[in-house]
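**Q** Sequence:
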Amino acid sequence: MIPFKDDNPTRRFPVLTLILIFLNIVVFVLSLTHPAGLQQILYRYGAIPRSILTFKTHQPLPAPLTVFTSMFLHGGLFHIAGNMLYLWIFGNNIEDRLGRIRFILFYLSSGVVAAYAHALSSPSSTIPMVGASGAIAGILGAYLLLYPTAKVHTLIFFGFFVQIVRIPAVVVIGLWGLIQVLNGIMSKGLMVQSGVAWFAHIGGFIFGLLSIKLWLPKRGWR
12 MIPFKDDNPT RRFPVLTLIL IFLNIVVFVL SLTHPAGLQQ ILYRYGAIPR SILTFKTHQP
72 LPAPLTVFTS MFLHGGLFHI AGNMLYLWIF GNNIEDRLGR IRFILFYLSS GVVAAYAHAL
132 SSPSSTIPMV GASGAIAGIL GAYLLLYPTA KVHTLIFFGF FVQIVRIPAV VVIGLWGLIQ
192 VLNGIMSKGL MVQSGVAWFA HIGGFIFGLL SIKLWLPKRG WR
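According to the working numbering, the sequence shown is numbered sequentially starting from 12.
If a hint is listed, it holds; no wrong ones were tucked in.
Only pairs whose alpha carbons sit at most 30 Å apart, straight line, appear in this in silico BS3-like list of lysine-lysine:
(1) Lys229 x Lys162
(2) Lys229 x Lys16
(3) Lys224 x Lys16
(4) Lys67 x Lys199
(5) Lys162 x Lys224
(6) Lys162 x Lys16
Quick list of simulated restraints, FRET-style, between CB atoms:
(7) Arg22 x Asn194: 34 to 40 Å
(8) Arg177 x Leu49: 34 to 40 Å
(9) Arg23 x Gln50: 36 to 42 Å
(10) Lys229 x Gln50: 43 to 49 Å
(11) Ala47 x Leu186: 36 to 42 Å
(12) Arg23 x Pro71: 35 to 41 Å
(13) Thr68 x Gly48: 17 to 23 Å
(14) Arg177 x Thr137: 41 to 47 Å
(15) Gly206 x Leu34: 21 to 27 Å
It is worth saying that the hints were derived from the structure and are not from the lab. Glycine included, C-beta positions come from ideal geometry on N, C-alpha and C.
Construct all of the structure, not just a fragment, from the sequences and the given hints.
**A** So, in structure tokens, the structure goes:
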């Protein structure tokens with residue numbers, strides 16, 4: 012199941028959403044072409060759980076700053092493609108609803124909460140967390156609360172056949188959230204080091220879901 016657009020129009024052009032997508036793509040290309048190599052870049056500027064909890068690091072930046080740089084790093088093409096697709100589908104409506112300044116503050120705050128949710132779930136880990144998915148999870152939580160009935164155009168695969176179906180956002184995002192929770196529980200139950208920061212997604216999603224109404228403008232929106 013792959014969502015690719017929604018039927019939720021906006022009043023304003025999503026400038027910041029597009030800027031975030033552009034910055035993520037630029038950073039990804041620069042990371043791929045950097046002489047140090049992608050893996051070294053991820054270890055230099057990714058958010059390492061043990062470091063961001065203890066503030067002790069051998070990285071070139073203070074540990075708290077890597078929480079922000081990690082949001083613009085991605086480990087591969089499918090990683091960034093999936094994140095940017097979700098950011099484009101759901102981010103424009105949250106930007107439209109919050110306004111640009113509130114939107115970027117909400118986005119970054121979601122990413123910070125996501126990073127520390129992952130760090131607290133694996134406090135001794137020295138594997139860097141990278142990607143915009145924690146911040147985007149906050150957007151998904153916000154979208155679920157604000158636009159649960161908005162229709163999302165989704166590709167459904169039946170073997171070799173593909174069908175486009177318009178599904179309510181509560182179903183699309185609800186299934187996404189359920190997958191994160193189940194995988195997070197299984198990763199802890201099996202005591203294996205997953206390549207996906209499930210608890211970052213869960214933390215960002217819960218933050219967006221519970222806090223979005225506090226971010227809404229007091230007036231001027233109908």
